[in-house]
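Residue numbers (the working numbering), protein chains in the order written: chain A, 1 to 462; chain B, 463 to 1030.
Treat the hints as calculated values from the structure; they're not laboratory data.
Any given hint could be a false lead.
As the list claims (entries may be wrong) - In silico DSS-like links for lysine-lysine, alpha-carbon gap of 25 Å or less:
{"no.": "1", "chain 1": "B", "residue 1": "K651", "chain 2": "A", "residue 2": "K27"}
{"no.": "2", "chain 1": "B", "residue 1": "K669", "chain 2": "B", "residue 2": "K655"}
{"no.": "3", "chain 1": "B", "residue 1": "K739", "chain 2": "B", "residue 2": "K793"}
{"no.": "4", "chain 1": "A", "residue 1": "K27", "chain 2": "B", "residue 2": "K644"}
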Amino acid sequence: MDELLYLGVFLLYTIAILILGKHGFDKTDDLSEYFLAGRGLGLFSSVTSFCATWFSAASILGLPGLIYDGGVSVIWTTAVAWVLGMAGLFVISSKLYAYDVMTVPEFFRVRYDSKVLQVWIGVVLVFSYLLYVVIQIRGFGIVISQMLGVPYSVSVCLIYIFVLYTTFGGLHSVARTDAFHFFLILIGTMLGAFLIVEASGEIPLEAIQTESRSSSEGLSIWLFISAFFTLGLGVAANPQYAVRILSAKSRRTARNMMLFSLVFIVIIYVSILIIGLGSRALDGGLVFLTTDEVYPYVITYLLDTPWKGVLLISIVAACVSTANSQLLLMAGSSIYDISLPLRKTKLPNDRVVTWTRWMVFLFATSSLVIAFTPPEGIVPFSGHIWGMITVSLFFPLYGGLFTKVPKPNALRSTFGGVAAYIVAFWLIPATWQDVYHPVLPSLLIAGLLFFWTGGKRHASFH
Amino acid sequence: MRHSIERKILVPFLIIVLLPSLVTGAVSLWSSYQSEKELKVTTVEEKLDSVHRYATLLRNRVDEGEIAEQDARSMMRELIQDTEGLYAQNDVGVIYKNDRMLLPNQVASLLSEEAGFLEERLVLSEALPEWGWTLYHPVELSFYSGSLLNIQKYTLLVAIFTGVIAVQFTILFSHHLSKPIKDLASFCKRIAKGEAKAELRIGSRRKDEIGVLATSLQEMVHNLDEQKQQIDRIKQQNERILNSVHVGILLIRKHTEPLSNVAAEEMLKRDQTLQRKLEALIERRSRHRTEEIMMTHVDHEKVYYAVSYQRMGADSDLAIMTFEDITQRRKLEQRVERMSRLASLGEMASGIAHEIRNPLAGIKSTTELLLRRLKLSEQEVKLTENMLIDIERVNKTITTTLDFSRPVESKPVNVKVDESIQSVLLLLRTMAKEKQVTFKHCVHQFDVWVDRDQLRQILLNVVMNGLNAMPDGGELTMNSRATDHDVILTISDTGIGMDEDTVERIFDPFFTTRAEGTGLGLSIVHQLVVQNKGDIEVVSTSGRGTTFEISFQRAEGGSSYGGESRNH
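Excised from the complex, chain A in its bound form:
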């Protein structure tokens, strides 16, 4: 009976996406409309889109599993680090909004008058997001194969057509479907927490263990610092969130978006924490290949409720909403930030949109092909994606907005930071990298290179 229920929920979800995704089709002739929804998203759309993009497979699928395995301390190295990164976004929201740019890499061209920087940041985004989209597809595949009992390869094809469809209509479609996804995520996680608490109601509270199952060591300060510099600053410099600031209809909307989103994000993280700990209370002895499998397993086998379909589809919502947003940014960057600056002739707007759609198709297909047989260690490697984004973007973005540091420093910082990251990645033993992450030394080097004036004084805060 469960499969019939899942099938019904999935069918309803599909119909909703088909209807909502069509919204942006007629509004995408103009570049600004396609990339930034005409910089006209109201507070509701901005908040729902921001939150839906915020919660990816890593948050909804991975985090309950990590809490199940690692206890409460996981929250400090994940959710808290992410939320701290959000403070950075709040700080730059006003200043960034003032720039009349289409993409975040374009900001670097405008601010530093450097096409090289725009192209370079575009390349960083394309590679980073390609891997990240693969992770989203993989998460979706796990959940759908669990839900419908179909092979993983079949289920990943489903997200492919969803993501393609919703990205075709640009940010208008993405934002509209994000609103739906946001409510699914919010209701799904809150409902999940409630049902798990209800199911484990007879277990005394003091019996619930909050420490790690595998290690008796508590939270190390280095671990937290590493997490903050990797995930926190990665979020703070991540264009997929910065672009939500640009797409808001006003500076005030952008700032309010951050404040309202914070409230919902905290509610959802608390629900995820309860899900993780509650799952452990239900059955603390489960062993899985990856922590991503914990939450789907708990829903499918440990809960007896007709709402299972909603819980699982909320994970799907998180995967699709993040994947289409990243796919849009990736395709947009490849054309607008890499191809166009390198071309001698200018392209009309409608051609740029058409080319971007082709790139959406190309990147989605590439991600799908990779997701069929995801390289081993791709999920742990996602931490390095955040790290790369942090070292290449953080100082040029924040320094660009708050200092008068010139182009050469920004170039030195981003290239030097990435080079330092690669070196640190090879030099720091893999077993140490959880605690002493390569982002720590490389970000320090990126910062030094950014502010180093070679004896001249021209870097001042403004």
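Using the hints, position chain B against chain A.
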């Protein structure tokens, strides 16, 4: 979206693509259901059949005395009890299950073949005549059953999967097909709203009918735009012409406000009387061309208009009216007429004077001779001397008349108007005192290009004329103002004033209202003003005073500041 072409394409296509998926899924489900039903029914029938065979076998053995009937019955009951889903009705009609008798309502629900939505219930029976029993076995079937879903899960998934892809492609295709049409519609809407710079990005790249339609539409709009621009240009030119002419033009249509050009608006705004007179003329709606000269007063001055009214076409309710301010023209005509009259009178007076002068000289010589030779009484001497005085007076008049008729040469120089005024006022100060007249002189330091002596004579004559017009005292104001090219002197008195007829004739030679006057003073003034390329205007109201406005060419240089001096 509700009435859009996209929906009209989308809905039928959606039905076309979804129907096969749904039908395939439904047929697949139905066939699985039928297979499952057939399988279940066959299984139950075989079960009943085997029980029947067993019952027959037991009956035979009972009949052959191998086993007792009681034992056989007991064995039968055990078999029925062990067989799942089997019910037995004994020879008295009671149905048993597990040795327990079913209640009537349980019997009814057992034998009922009623089922819920998408469910089916069959009750298969087998009579055992050897025992007088009947066996019942209900079979329940459902479309929701997990087994059916397990069998058809992939078929359903494939149906959903292909359905989703088909729907997405249908949406994309219908969007792709309808997009150019919607773009065309949006383009036409923008054109209809008057957006001149509306762009349509279809056409050059498409070679199909849409491309042809888009290209043709763009060409059509381009041509229309050019024609509109041409019409606008012509319209603007016409408007410019109509608004540039000084003739007021009204286009009159029944029951609507008349259309007017700028000149008409200005004239009607300035002159309410004219507006009333024109309205009266329009009211008459003459079928024939009507031409009139209308006279009104604006700021106590006469203004003349030449008005024309004509219907546009015999049956049309359109009419055009033109009116022109001809005051200046009329003044010019009056001046020409006056000058012509002055010239004629001057020539005549000169001729007469010349003819009188010679005999008069003889009379004078003779009279003087008689006075010297004759011994006249004191009274006779006085009379003779009076004769000589009168002869001298006549002679003087003749001299003046001859001076008036003789062409006078002017030598224009740069003259400060206020200095000339001051000298004249100084000269006439005593006379003014006697007449209790106050001079008021506003100083502006304008320079004019005139003959200095002639200007003094002009001013002297006009001021004296003013003094004579104020027998009971009053105020004589001398002011000046400047335009771009001229300086206008105004000499106003608060005297007795003149009626319109007098004003018309004051520049005529020998026209005077005073008994002792020669009637040549203002004629000379007029002659000198014209000689110095100036102009003179008179405005007078009986009982309130007279104002002379004399304009001369403005000289280079000179300044303008206000000031005032009073002299008695």
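Inset, instruction - Take the C-alpha atoms of B:K739 and B:K793, compute the straight-line distance between them, and say whether it is at most 25 Å. - result: Status holds; Cα separation ~22 Å.
Inset, instruction - Decide if the proposed pair is consistent with the structure: B:K651 and A:K27, CA atoms, cutoff 25 Å inclusive. - result: holds, 17 Å
Legend entry - Hint consistency between A:K27 and B:K644 [alpha-carbon to alpha-carbon, up to 25 Å]: At roughly 12 Å apart (the allowed maximum being 25 Å), B:K644 and A:K27 satisfy the hint.
Legend entry - B:K669 paired with B:K655 [C-alpha distance capped at 25 Å]: violated, 28 Å
Checked against the numbered hints above, the structure breaks only hint 2 and satisfies the rest.
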